[in-house]
Amino acid sequence: MDINMKVQPSFFDEECAIVFSFYFDQEAKKIGEAVIYTCEEQDCLKKDCQADSRELKEKVAYVEQFSIVKEYQSASMEKITQFLNILGIKKCRQRNIEEVLN
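Start counting the sequence shown at 521; every next residue gets the next number (the numbering used here).
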């Protein structure tokens, strides 16, 4: 399934976050859009974290909007995932914190 994806980034300085608006079409026909909010999540990645150890910041994406024709949802999410992986973002969650990508 060959679909086109256009990405429009926006930066929110006060939140130190980047929001990506994704637009999908196939053969000049709009099939949907998605909005992904990205930021750094401060987590200690070690199980036995000590007070003097450095906190590592991990980039996380949150799906704010996902309005895509049902038959194209899987292919669209795969394209979003590939894009986020290039940016080093491995986690993507829905707004209600339910994990949608590994």
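FYI, nobody ran anything at the bench for these hints, they're computed from the structure.
Watch out, some of these pointers could steer you wrong.
To be verified - The calculated DSSO-like cross-link candidates involving lysine-lysine, where the alpha carbons are at most 27 Å apart (straight line), are:
| # | residue 1 | residue 2 |
| --- | --- | --- |
| 1 | Lys577 | Lys599 |
| 2 | Lys611 | Lys590 |
| 3 | Lys579 | Lys599 |
| 4 | Lys526 | Lys579 |
| 5 | Lys549 | Lys577 |
| 6 | Lys610 | Lys577 |
| 7 | Lys611 | Lys579 |
| 8 | Lys550 | Lys599 |
| 9 | Lys611 | Lys526 |
| 10 | Lys577 | Lys590 |
| 11 | Lys526 | Lys550 |
| 12 | Lys590 | Lys526 |
| 13 | Lys579 | Lys610 |
| 14 | Lys549 | Lys599 |
The model shown is predicted, which means the values in this text are computed figures rather than measured ones.
In rising order, the numbers of the hints this structure does not comply with: Hints 5, 10 are the ones this structure does not satisfy, whereas the remaining hints hold.
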